[in-house]
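Protein chains: 2
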Amino acid sequence: MNLNPINFQDKFSRFDDLWSPKVIAEMNDYQFKLAKVEGEFVWHSHPDTDEVFLVLDGKLDIEFRDGRVSLAEGEMYVVPKGVEHKPVASEQCQILLIEPRGVVNTGAVEGKLTAPNDVWL
Amino acid sequence: MNLNPINFQDKFSRFDDLWSPKVIAEMNDYQFKLAKVEGEFVWHSHPDTDEVFLVLDGKLDIEFRDGRVSLAEGEMYVVPKGVEHKPVASEQCQILLIEPRGVVNTGAVEGKLTAPNDVWL
Chain A
46 MNLNPINFQD
56 KFSRFDDLWS
66 PKVIAEMNDY
76 QFKLAKVEGE
86 FVWHSHPDTD
96 EVFLVLDGKL
106 DIEFRDGRVS
116 LAEGEMYVVP
126 KGVEHKPVAS
136 EQCQILLIEP
146 RGVVNTGAVE
156 GKLTAPNDVW
166 L
Chain B
46 MNLNPINFQD
56 KFSRFDDLWS
66 PKVIAEMNDY
76 QFKLAKVEGE
86 FVWHSHPDTD
96 EVFLVLDGKL
106 DIEFRDGRVS
116 LAEGEMYVVP
126 KGVEHKPVAS
136 EQCQILLIEP
146 RGVVNTGAVE
156 GKLTAPNDVW
166 L
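Protein sequence lines correspond, in order, to chains A and B. All the letters of the first sequence, read from the start, carry residue numbers 46 to 166 under our numbering. All the letters of the second sequence, read from the start, carry residue numbers 46 to 166 under our numbering.
Possibly wrong hints are sitting among the right ones.
Copies of the same chain look alike in the list, so a pair counts if it fits in one copy or across any two.
[As the list claims (entries may be wrong)] The list that follows gives simulated cross-link-like pairs (lysine to aspartate or glutamate, EDC-like), each with its CA atoms no further than 20 Å apart:
#  : residue 1 : residue 2
1  : K81       : D102
2  : K104      : E83
3  : K56       : E71
4  : K131      : E155
5  : K157      : D61
6  : K56       : E118
7  : K157      : D62
8  : K104      : E85
9  : K81       : E120
10 : K126      : D74
11 : K56       : D111
12 : K131      : D106
Derived from the structure by calculation, the hints contain no laboratory data.
Pulled out of the complex, with its shape left as it was, chain A reads as follows:
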């Protein structure tokens, strides 16, 4: 059995690409993914699942069609299934995403910000 802790800062030191979640752990059929984000993402939704954003460093806004939530370090938010959202970070921000295995970062909105899925660190 692997007895090594998963250290977020160690994992973040291993990549620099933005908006490209890296899997660091699985719990049952859910994945824990780290991402560095900066600037505006694309509007998208995940029709089959909620999605958790947990801010580990910096600040992240999540815009909705009818409002926004502003997250700082030590805060999390659950984006409900099917709700359109657009993450925005005015400065670089480090986040932990938690969602079922197989979720694509841009939902059905494929484009230049669509990241390869299931990339492990």
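Could you slot chain B onto chain A? The hints should help.
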């Protein structure tokens, strides 16, 4: 839609009982629970699910029958389904637990440390 961030320190300020997880959020059928822990918990396992421990403040050891993992702030670990474990904190520690709704903190080992389930903050 609720546009309030979930702030861990705000939530921790609302309770002081040890080894008694409080639900702060749900993602699909999974729950996010905060707990303050100190001292030794009981040996137990969860036969049907993995369990995530994420340390938000302090240090936590998770003992296994054949070893242990030591977690500090900013570290997490996934205890595999069915594996006996005993969390131990030499000083008070603040943790985030992630697991399916309905998981009892002591598994099948009911006792004085068995906490009421599904208590929301």
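Hints and how they fare:
no.: 1; hint: K81 - D102; result: within (9 Å within a copy, 22 Å between copies)
no.: 2; hint: K104 - E83; result: within (10 Å within a copy, 31 Å between copies)
no.: 3; hint: K56 - E71; result: within (15 Å within a copy, 26 Å between copies)
no.: 4; hint: K131 - E155; result: within (14 Å within a copy, 45 Å between copies)
no.: 5; hint: K157 - D61; result: within (17 Å within a copy, 47 Å between copies)
no.: 6; hint: K56 - E118; result: both (17 Å within a copy, 14 Å between copies)
no.: 7; hint: K157 - D62; result: within (13 Å within a copy, 48 Å between copies)
no.: 8; hint: K104 - E85; result: within (13 Å within a copy, 36 Å between copies)
no.: 9; hint: K81 - E120; result: both (16 Å within a copy, 17 Å between copies)
no.: 10; hint: K126 - D74; result: both (17 Å within a copy, 12 Å between copies)
no.: 11; hint: K56 - D111; result: neither (35 Å within a copy, 26 Å between copies)
no.: 12; hint: K131 - D106; result: within (8 Å within a copy, 38 Å between copies)
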